[in-house]
Amino acid sequence: METVGIIALLFFLIFATLATVAIVKTTRAVKHGVERRTAHARRVIEDQRLRARRFAQPGDIGALTQLRLDLRTSIDSTFEAMDRADLPEAAKLLDRLNDHARTLDGELKLLEREPDRARVAAQLPALTERTHRITHSADALRWAAQDRVHHATGDDLASLTRDIDIEATALRHWEPLPPPGGKKALPDQ
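Using full-length UniProt numbering, the first residue of the sequence shown is number 1, and each one after it goes up by one.
Derived by calculation from the structure, the hints in this document are not laboratory data. Built from N, CA and C at the ideal position, the CB exists for glycine as well. Misleading hints may appear alongside valid ones.
[As the list claims (entries may be wrong)] Ranges of calculated distance between the beta carbons of each label pair, as one might list FRET restraints: (1) E114 to T38: 25 to 31 Å; (2) A158 to K109: 43 to 49 Å; (3) V30 to R162: 45 to 51 Å; (4) K31 to Q146: 33 to 39 Å.
[Stated by the list, open to error] Heads up, simulated EDC-like pairs for lysine to aspartate or glutamate below, C-alpha to C-alpha not over 16 Å straight-line: (5) K109 to D60; (6) K109 to D47; (7) K109 to D70; (8) K109 to E46; (9) K92 to E80; (10) K92 to D76.
All chains, full assembly: derive it from the sequences and hints.
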């Protein structure tokens, strides 16, 4: 009787442990999902705010805002292209480039709030140059990834077309079946 009690207790403990692990994992997954969605929502709101500010504040501040938008758009588009292309080495380069883009975006964001417009005007050419260098690099990486995907798809389609042509030719090629007596059928005259 004692053995049955011990076995039942062990089963209960195993079940309780598994239930606790499942609850903890589910809670973490939900928390991570909420954090990801919240970050995405904040990003969308900030992008819309930047688009509005670009038109509302002309001059150097509007130019800074446009630089931020260009930088974000280029990096985000490149990340999307890299996800489709599955290029791990290029993705590492993009991560490094993204670090530079984040640093530059932070500098641009701080400069948007700078009350000294002469300072903003003085720093704008150098920031514009850095933005163009980063966006050019991101664009080059994105275009190369897109070309790679396009080339791979084109090669696969060409190979598939060749295979289908061979199969279609094989399906259309036939010889008349010999009659049951073993003699070959004579062609119609």
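Comparing the hints with the structure gives:
As the Cβ distance of E114 to T38 is approximately 29 Å, the hint placing it in 25 to 31 Å holds. With their beta carbons about 48 Å apart, A158 and K109 fall inside the hinted range of 43 to 49 Å. Hint check: V30 to R162, Cβ distance near 49 Å, so the stated range 45 to 51 Å holds. Separated by about 35 Å at the C-beta atoms, K31 and Q146 satisfy the suggested range of 33 to 39 Å.
This hinted pair checks out: K109 and D60 have alpha carbons roughly 13 Å apart, not beyond 16 Å. Proximity of K109 to D47 is assessed by CA-CA distance (about 12 Å); at most 16 Å being required, the pair is judged to hold. Only pairs whose Cα atoms come within 16 Å are accepted, and K109 paired with D70 is accepted, the gap being roughly 13 Å. Under the criterion of a C-alpha separation no larger than 16 Å, the hint pairing K109 with E46 is consistent with the structure, at around 11 Å.
Distance hint between K92 and E80 is fulfilled; the C-alpha atoms sit about 14 Å from each other, no more than 16 Å. Taken as a hint, the K92 and D76 pair is honoured in the structure, with Cα atoms around 15 Å apart against an allowance of 16 Å.
Comparing the model with each numbered hint stated earlier shows that all of them hold.
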